[in-house]
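Enquirer: Using the sequences and the accompanying hints, generate a full structural model.
Protein chains in written order, with this note's numbering: chain V, 1 to 377; chain Z, 1001 to 1161.
Any given hint could be a false lead.
Sample of chain Z residues facing chain V (criterion: CB under 8 Å; computed from the structure) [unchecked claim]: (1) S1019; (2) F1023; (3) P1042; (4) V1043; (5) Q1045.
Source of the hints: derived by calculation from the structure; they are not laboratory data.
Small disclaimer: the values here were computed from a predicted structure and weren't measured.
Backbone N, C-alpha and C fix where the C-beta goes; we use that ideal spot for every residue, glycine too.
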Amino acid sequence: MEKSSSPEPKSTGSSILLHQIWNWADERLGLEPIVQLALKKRVPEHRHSFWYYWGGITLFFFIVMCFSGVLLLIYYHPGESSYESVRQITYDIKFGWLIRSAHSWSANLMLASAFVHMFSTFFLKAYRGPREFTWWSGVGLLLLGMIFGFSGYLLPMDDLAYFATKVGLSIPTVIPEVGPWIASLIRGGPEVSAFTVSRFFALHVVVLPALFIPLLMFHLYLVQKHGMSIPESEEQKPESERKSVPFFPNFAMKDLAMWLIALNVLALMAALFPWGLGPAADALKPAPMDIHPEWYFMSSFQVLKIFGQWFPGELGEFIGLAVFNLGLILWVLIPFIDPSSKNGRRSRLATYFGLLALFILLATTIWGYAVLPPATH
Amino acid sequence: MSDESQPQVDNEASDDLLSRRGFIKVVAAGVGACYAGAIGYPVYQYLASPVEQAAMAAAVNEVTLPQAASLPKNTALMFRFGSKPSILIHHDDDTWSAMSAVCTHLGCTAGYVPEKKVIFCPCHGGTYDARTGANISGPPPKPLAPYKVEITDGKVIVTRA
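Expert: Set out below in structure tokens:
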């Protein structure tokens, strides 16, 4: 890698050959400007630099998820035999349990690091101009990631997956007029069935990647275009006092070290806490007592529950849904509400809004877990 | 990788530098190989799992075909010997023969042609003798592997020859 990126003519035969290959490729592909850009790229260094790693960590987990997902695709069958195929992957195919566990754990760790990345960029006010599109594409990626999670959760078709999806898909039914129609269209019928698994499978492995990957490329392109954002405390310093390190090799090596830590955490979690498989879904059996969504939906689940208790019937759920969506819209529009740091002034309002959002998310998530009955199996 | 660009200091110091650099390179390569192995081994085993299962399924020496005894004369029954497509033929003179149905040319499944009383592979027109499995005409280089057939209590038992 390093050899090809520093194509200085050297005396040995192999380096002359490498140099010739480099020139041949450069003439045809125009690689030199990319190398120059990579060599010129610098990363600011300050007391908040730690948060710069979290986008990369999220990306790492996404890459792991792609590889493990392709491996699962080799033995998974959508439709009627989905449970049986996941049972085979988990119990019959060698190391199948580990591949499946790595896929589930990397999905959860990816969403967790994406949340850290999002809140850190929020509090460092990195969403401000000219980085609005970076912010929007990032929020879009997180939402797509959550749909990835929701659709993937059903695929094993065990009892928890079945009932969680049933509950999740009954939420859109509170939307007036079109709600029930939307829900039936997503389910492929009035009930969650093998048809639902097949369409969630198509969504999970074709539609979502086809949307996610271009959006991710756009997000990464914008990060290269605008460079790293610096927090207000740094903006106030004169340019000469700001410190930075070259991306290659200094920051890239640190990034790699972070990836290694992420890999170790993932390997430990996947091996020590392998993802379980419940009994096959059965619509005639009562739902498990501890039925609950994944942690990243727990907050919205609890908000809906709270509003459901305050207001009777579907009205409560509708208000809950409306409140949640309003919050999301404000979150997306924050670059307009807090457009730029004029005169380097801190925007306390945005900070308070972020703290409030973080508090509500954490509090409702903890609340949701606190009121769960104990597991029955 | 950029050893040449290191400024030349006195010999001792540069030796130290090189050995430290060399040491780090060796350790990094070793650790990298460990990680590659720790990831590569489970992935290999995962991918190879059905290959092993198929090999285990193929390792059979005897197949019992309970209903085959009622097979009409001059007809054939396709069955699997382990994982291998195979053919059982009930001849006009009430004798039986069984053999692999995998054409020795390029691996298509061959079938019995009652009108001509031969085994024929449609892929490239290979023909085999229906009693011995000997290659008669066309591209097949070798005869079909024959099995032994035994009839007991109305059951057909096929064993490796």
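Enquirer: Indicate, hint by hint, whether the structure satisfies it.
Expert: The hints, checked one at a time:
no., hint, result
1, S1019, "21 Å, violated"
2, F1023, "17 Å, violated"
3, P1042, "4 Å, holds"
4, V1043, "7 Å, holds"
5, Q1045, "4 Å, holds"
Of the hints listed earlier, those the structure fails to meet are numbers 1 and 2, in rising order.
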